[in-house]
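With the hints as your guide, set chain A onto chain Y.
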Amino acid sequence: GAGVSQSPSNKVTEKGKDVELRCDPISGHTALYWYRQRLGQGLEFLIYFQGNSAPDKSGLPSDRFSAERTGESVSTLTIQRTQQEDSAVYLCASSLIGGASYNEQFFGPGTRLTVL
Amino acid sequence: QKEVEQNSGPLSVPEGAIASLNCTYSDRGSQSFFWYRQYSGKSPELIMSIYSNGDKEDGRFTAQLNKASQYVSLLIRDSQPSDSATYLCAVKDGSSNTGKLIFGQGTTLQVKP
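Protein chains in written order, with this note's numbering: chain Y, 190 to 305; chain A, 4 to 116.
One chain only, chain A, in its complex shape:
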């Protein structure tokens, strides 16, 4: 059973701080990794994708990937109350040629003003 593990939280940070969200995965064959943001009652929204080891930055978001450690993280700089949401880590199934994603349970982030 391929798994994606995330701490469910809630992770609480003050406004303006850096929020660090972590994810580990079991499938060594996985090559594509995604972070989705999901507001309560809404559908997931893609915020970052990463395919190579190292860091990828997009605005206030930085995704980090370490395939050897099977670890993906998302950093949110200058956290805002509007960043309060559940963040889902998703990993492309490495043994499938269909591109189906395996999702973690999500980490709830609370940014306090």
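Isolated chain Y (complex conformation):
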């Protein structure tokens, strides 16, 4: 079946502009995660959605970052007033059930964001 999809694959923006990144999870997966990966680094958790539960926003680095999810489908990550340190690959993952011990997460191809 189809995997996690993300768009755009690449985004170049100017400092101070807003950007919106999109994620479409695997069909039937109720949990959705956003991570960030800076060049040469590991992945940093940003935010988690599970059904109609309140999202876990504990990883968002500042109030310039926000995310939404419509039901158990598409999610958008918005970064306002982008800064150069926001340059990274933004990865979306989904899993069947978020809180379960058996929680295999599958990643999309990512969006590479470059802030000039």
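Hint data in this document are derived by calculation from the structure and do not stem from the laboratory. There are no misleading hints in this set.
Sample of chain Y residues facing chain A (criterion: CB under 8 Å; computed from the structure):
{"no.": "1", "residue": "A220"}
{"no.": "2", "residue": "Q230"}
{"no.": "3", "residue": "L232"}
{"no.": "4", "residue": "Y237"}
{"no.": "5", "residue": "D245"}
{"no.": "6", "residue": "N292"}
{"no.": "7", "residue": "E293"}
{"no.": "8", "residue": "F295"}
{"no.": "9", "residue": "P298"}
Lysine-lysine pairs mimicking DSSO-like chemistry, simulated, CA-CA at most 30 Å apart:
{"no.": "10", "chain 1": "A", "residue 1": "K45", "chain 2": "Y", "residue 2": "K246"}
{"no.": "11", "chain 1": "A", "residue 1": "K70", "chain 2": "Y", "residue 2": "K246"}
{"no.": "12", "chain 1": "A", "residue 1": "K5", "chain 2": "A", "residue 2": "K59"}
{"no.": "13", "chain 1": "A", "residue 1": "K70", "chain 2": "A", "residue 2": "K59"}
{"no.": "14", "chain 1": "A", "residue 1": "K45", "chain 2": "Y", "residue 2": "K204"}
{"no.": "15", "chain 1": "A", "residue 1": "K45", "chain 2": "Y", "residue 2": "K206"}
{"no.": "16", "chain 1": "A", "residue 1": "K45", "chain 2": "Y", "residue 2": "K200"}
{"no.": "17", "chain 1": "A", "residue 1": "K5", "chain 2": "Y", "residue 2": "K246"}
Cβ atoms here follow ideal geometry from the backbone N, Cα and C, with glycine treated the same way.
What follows is chain A alone, placed relative to chain Y:
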């Protein structure tokens, strides 16, 4: 601050050898552990998950878990040049009910023909 530690490498092994990748973690409450493979410029791909102490084998891959020592490892038998990639160790946050993963920095593996 919960941490997952990996040797960044590079770990270089000849083709056909066994590659051994190691990972330690700080969160004693963690119950789920994962290995991802990441090719340069690509996203992480799940290759192994392990939840109980001991070994778990899948093809050429064996994951080993020792919760008492807070240690996870991945063995790759009969290493191939196509195994050359960065291997990320990920640990489920034991205090979170969201399933978020804490990742190590990754170990770069080079398999030489």
